[in-house]
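Asks: So in our numbering, the last spot in the sequence shown is 384, and the numbers never skip.
Be a bit skeptical, because a hint or two may be false.
To be verified - Restricting the straight-line Cα-Cα distance to at most 27 Å, the calculated cross-link-like pairs of lysine-lysine (DSSO-like) are:
{"#": "1", "residue 1": "320", "residue 2": "344"}
{"#": "2", "residue 1": "359", "residue 2": "129"}
{"#": "3", "residue 1": "364", "residue 2": "147"}
For the record, the hints were derived by calculation from the structure and aren't laboratory data.
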Amino acid sequence: MKKKALITGVSGQDGSYLAKFLLSKNYIVIGTDRRSSRNDLWRLKFLDISKKIIYEELELSEMNEIIRIFNKYDFDEVYNLAAQSFVATSFNSPIDTSNINALGPLRILDVIRNQKRKIKFYQASSSEMFGKVLSTPQDEKTIFNPQSPYAISKVFSHYITKNYRESYNIYAVSGICFNHESPLRGEEFITRKITNGISKISVGQLECLEIGNIYAKRDWGFAGEYVEMMWKMMQQKKPQDFIISTGKNYSVKYFVE
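Build the full structure now, drawing on both the sequences and the hints.
Replies: Right, dumping it as structure tokens:
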């Protein structure tokens, strides 16, 4: 019997790479997105998997929609990658951000809690939760110090996942991902701003590339490898939260060079 996996936010960078990886593992993949992303499937098409997954609309703000999709499919694993993922936007829309990023995972977990079958759950946590870091380097025991509504919403989802794991014996884990990039990254992110800007300079469409603090440092990994770590976390005998990172920092200046 093939395993069935639900990936929320399947049309995003991580969702697309994870869908391709799970298909290679012979999973049946059900992918969901919010209604506004229904036709934004370029990443899935780029990876040549758009016709290999079962696609559904799902609003994480609507409990009835979550219940409907769990009644329709017998999931073995659920990967919650859907989120309002922009830190700046979270300051402008803190309520919407919290409704999706914090309460969305809680709604899914509560539906899983009431299922008769055992379903594994992965929550996409973020290194933004460390915020203004209190110790370096960070590990799984480092205290969170979030500095934005986005980061705070992710802290809630991280702890509610842990709470449901411990309170209801659910196989539920959170992967604290540091920055991970790829050709499928949105052009609003710094790595793609750089690559897109330099490509335009090379063909004479742009004279210079303007970016912010070039001395800022980030831990950048490859998204295609990070989704494999998400899957490996779900295959352990004991559910545990892990940081997913390279452990190496590089400056924006180095990236540009």
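Asks: Of the hints stated earlier, which fail here?
Replies: Violated: none.
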